[in-house]
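A.B. asks: Sequence:
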Amino acid sequence: MYEIYLILVIILFALAISDLIVGVSNDAVNFLNSAIGSKAAPKWIIFLVASLGVLAGSVFSSGMMEVARKGIFNPEMFMFSEIMIIFLAVMITDVILLDTFNTLGMPTSTTVSIVFELLGSAVAVALVKMGQAGEAANQLASYINSDKALLIITGILLSVIIAFSTGAIVQWLTRLLFSFRYDKRLKWFGSLYGGIAIAAMTYFMIIKGAKNVSIPSVQDAIHLMKDNLAITLVLSFVVWTVIIQLLRWIFKIDILKVIVLVGTFALAMAFAGNDLVNFIGVPIAAFDSFKGWAATDVAPDMLSMAFLSGKVPTPVYMLIIAGFVMIVTLLVSRKAKSVLKTSIDLSRQSEGEERFGSSAFSRMIVSGSMKIAESLNKITPQPIKVAIAKQFETIDNNHAIAAQDKPAFDKVRAASNLIVASILISIGTSLKLPLSTTYVTFMVAMGTSLSDRAWGRDSAVYRISGVFAVIGGWFLTAFIAFTVAFIVAQILSWGGFYAIFAMVIIALFVVVRTQISFRKKNNVEVMIEDDEIVENAIDTRNIIDKANKYAVKAIISTSKAYTLCFDGFFSMDRAQLKNAYSEVKSFNKKAKKRKDGVYEKLEVLQQDTHDTGHFYVQVVGTIREIAHSIRYIVEPIFTHFENRHSPFTDAQVESLNQFNGDLSSFLNQTLHLLKEEDFEKLDELITQRDTLLDKLDILEKNQIKMIKKREVSTRNSMLYFNILKETKNMLLQVINLVKSQRDFILQTKESIK
Numbered sequence: 120m121y122e123i124y125l126i127l128v129i130i131l132f133a134l135a136i137s138d139l140i141v142g143v144s145n146d147a148v149n150f151l152n153s154a155i156g157s158k159a160a161p162k163w164i165i166f167l168v169a170s171l172g173v174l175a176g177s178v179f180s181s182g183m184m185e186v187a188r189k190g191i192f193n194p195e196m197f198m199f200s201e202i203m204i205i206f207l208a209v210m211i212t213d214v215i216l217l218d219t220f221n222t223l224g225m226p227t228s229t230t231v232s233i234v235f236e237l238l239g240s241a242v243a244v245a246l247v248k249m250g251q252a253g254e255a256a257n258q259l260a261s262y263i264n265s266d267k268a269l270l271i272i273t274g275i276l277l278s279v280i281i282a283f284s285t286g287a288i289v290q291w292l293t294r295l296l297f298s299f300r301y302d303k304r305l306k307w308f309g310s311l312y313g314g315i316a317i318a319a320m321t322y323f324m325i326i327k328g329a330k331n332v333s334i335p336s337v338q339d340a341i342h343l344m345k346d347n348l349a350i351t352l353v354l355s356f357v358v359w360t361v362i363i364q365l366l367r368w369i370f371k372i373d374i375l376k377v378i379v380l381v382g383t384f385a386l387a388m389a390f391a392g393n394d395l396v397n398f399i400g401v402p403i404a405a406f407d408s409f410k411g412w413a414a415t416d417v418a419p420d421m422l423s424m425a426f427l428s429g430k431v432p433t434p435v436y437m438l439i440i441a442g443f444v445m446i447v448t449l450l451v452s453r454k455a456k457s458v459l460k461t462s463i464d465l466s467r468q469s470e471g472e473e474r475f476g477s478s479a480f481s482r483m484i485v486s487g488s489m490k491i492a493e494s495l496n497k498i499t500p501q502p503i504k505v506a507i508a509k510q511f512e513t514i515d516n517n518h519a520i521a522a523q524d525k526p527a528f529d530k531v532r533a534a535s536n537l538i539v540a541s542i543l544i545s546i547g548t549s550l551k552l553p554l555s556t557t558y559v560t561f562m563v564a565m566g567t568s569l570s571d572r573a574w575g576r577d578s579a580v581y582r583i584s585g586v587f588a589v590i591g592g593w594f595l596t597a598f599i600a601f602t603v604a605f606i607v608a609q610i611l612s613w614g615g616f617y618a619i620f621a622m623v624i625i626a627l628f629v630v631v632r633t634q635i636s637f638r639k640k641n642n643v644e645v646m647i648e649d650d651e652i653v654e655n656a657i658d659t660r661n662i663i664d665k666a667n668k669y670a671v672k673a674i675i676s677t678s679k680a681y682t683l684c685f686d687g688f689f690s691m692d693r694a695q696l697k698n699a700y701s702e703v704k705s706f707n708k709k710a711k712k713r714k715d716g717v718y719e720k721l722e723v724l725q726q727d728t729h730d731t732g733h734f735y736v737q738v739v740g741t742i743r744e745i746a747h748s749i750r751y752i753v754e755p756i757f758t759h760f761e762n763r764h765s766p767f768t769d770a771q772v773e774s775l776n777q778f779n780g781d782l783s784s785f786l787n788q789t790l791h792l793l794k795e796e797d798f799e800k801l802d803e804l805i806t807q808r809d810t811l812l813d814k815l816d817i818l819e820k821n822q823i824k825m826i827k828k829r830e831v832s833t834r835n836s837m838l839y840f841n842i843l844k845e846t847k848n849m850l851l852q853v854i855n856l857v858k859s860q861r862d863f864i865l866q867t868k869e870s871i872k
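Numbering (this note's numbering), first residue to last: 120 to 872.
These are computed hints drawn from the structure, not numbers from a lab. Here the structure is a predicted model, which means the values were calculated and not measured. Here a beta-carbon is modelled for each residue, glycine too, at the ideal position from N, C-alpha and C. A few of these clues could be false.
As the list claims (entries may be wrong) - Label-pair ranges, simulated between beta-carbon atoms:
1. His733 with Arg300: 27 to 35 Å
2. Asp797 with Lys827: 16 to 24 Å
3. Arg693 with Ala621: 28 to 36 Å
4. Ser494 with Trp163: 48 to 56 Å
5. Leu270 with Leu495: 42 to 50 Å
Can you make the complete structure from the sequences, with help from the hints?
C.D. replies: Structure below.
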């Protein structure tokens, strides 16, 4: 039995490493959002500061993993074998749950997930034990600390409302003071503002990030500062104000950059110092339980775990190892970047592609807010309205920077995010309220973006839908964590060691599958971004080259999808059809992304002439239409195949194969013309197109004859006519693309002269 339980402990630590990886991927958004979104410093500096914060937080982490030991259930009510089942169920569930959220790019709370997993698994094991002992249902309260779960739910509601409201109010007042033209005002108020900000965050680091440090001398210093809080804050404010002013005079530093980087360090430290328990608390508690059992001769199902109620320090080396695992994950995790992107997209100042769609609820909120704003506008004196409006006039200080290099928001808002989040979490900690760092930092960011008028009429419904999608995910976390952990614990309780190893394998399988799915999705996104036109190019010649490559790739994607689709359909090859469908989805995403980004490209193109931008819009719009046409060909064919409807007749296959050969020749000629910019042959291409249109008319007439002879079914005819119609549209749009590209190139070259 000793060897078996030792293996289980090893499995728990292996799951803990996996949990650290997926947990950091999720929680990185808490402390990186503001610095990355505002581009306060190069990424390597931001990640270095965050890594140092994580390492410091790990060293200062809680020496007592009490949440895992006794925070949710009463350990004296369980035996060693039962405790191990509880801990295994928690870790298996946590890895799967957090990895799923990361794959979806949705931030969630690791605190809530671990608490409700502990609650669900403990309830399951308690019910099994009560059933075997014949105990009444009302005895469950003696096993479970249900007050803790209720307190956390209350904390969720409070943190969402308070963080959003406070963030919105503070940012509105800050913007009123500094406006978007903040450089001059920072010369007057910057040092005072920085002193207040860094003093607040220093206090935050002390009471939140290092509150559980086990070094006696440091503990004494912290207690001394807490006992003399007012003096500590005043001295901290004075010292930091003087330091910042000296640095500004001597080194001409950017005060806002300092605030953002200090805030990033503070939140990273708090994350590692307090949330580390969410990842390694359970396996460490299991390890302590194992050591306690191994030191006795008592059977696993006879040894009470009452000793877990005491305080057992965590070895420092374990905390340091966990810190380094988190740092490595922070630097290399693509999923961390995906979760980060969700938060930044919802708070960015600029317009662009919105990740979330609108909903009836978000439209109702926007409509109601507009009515309230109109009412307030009527009663506000005109001079006040003018003065406020002037402070909120946005300016583009980064017009010469390529679109993808522009910050999502400025450093004033980034500083507000970090200051407000730090102070709120500090207050919550001092009042012993279970505020989640994820909830606070995310909702503060949403509140500040609202005050900064980042949610304009063209984006508000989408941003609000996104915020409620994330909030809904938070509440789902609690329910899903409890339910899945409950089910897993039940399976482990009844299935024994075989069930344990089976569930571990299932967990690994789910994580691997989601990782593969995420990589495929990420590769598509990378391809789309790599293909972007006018990325760093202000040079007109470069614009022409990239625009031409864009058109060429569109024709290649169209030809590839068309050929793969029909070859797969005629040969009944699902893999080939699936490849065609994937090609079409990728092509459509690229086309949509480029069309949505037309506004940004026009800002560059309009520097030459207005006609250049006009022709570029035509090129992008035409490619979007071609993408639509090929999609409406491939999707119905794939659906027809998946539903196992009747294949085309031999006559239909032969006719379409002949036509597809001619179409391939046409598309190849189009490619040659675009690559060589040989537009003198456009008339020949148009003639070739007209010939193909005539052949499509013949195919349509032949199909009608087959219908009259009852040689084909209704579904067969619907699909066939759809193919012919969309192919006609595609042929027309291909010629339009060549014409638009020709006009775009000629006009752009003319503007160079």
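A.B. asks: All hints are to be evaluated individually against the structure, with a verdict given for each.
C.D. replies: Structure-based check of all given hints:
Between His733 and Arg300 the CB atoms are about 33 Å apart, so this pair conforms to the stated range of 27 to 35 Å. The hint said 16 to 24 Å for the Cβ distance between Asp797 and Lys827, and at roughly 45 Å that hint is violated. A beta carbon spacing of about 31 Å between Arg693 and Ala621 agrees with the range 28 to 36 Å that was offered as a hint. At roughly 49 Å, the beta-carbon separation of Ser494 and Trp163 lies within the given 48 to 56 Å, and the hint holds.
Distance hint check: the CB atoms of Leu270 and Leu495 are about 37 Å apart, inconsistent with the given range 42 to 50 Å.
Hints 2, 5, counting from the list given before, are not met by this structure.
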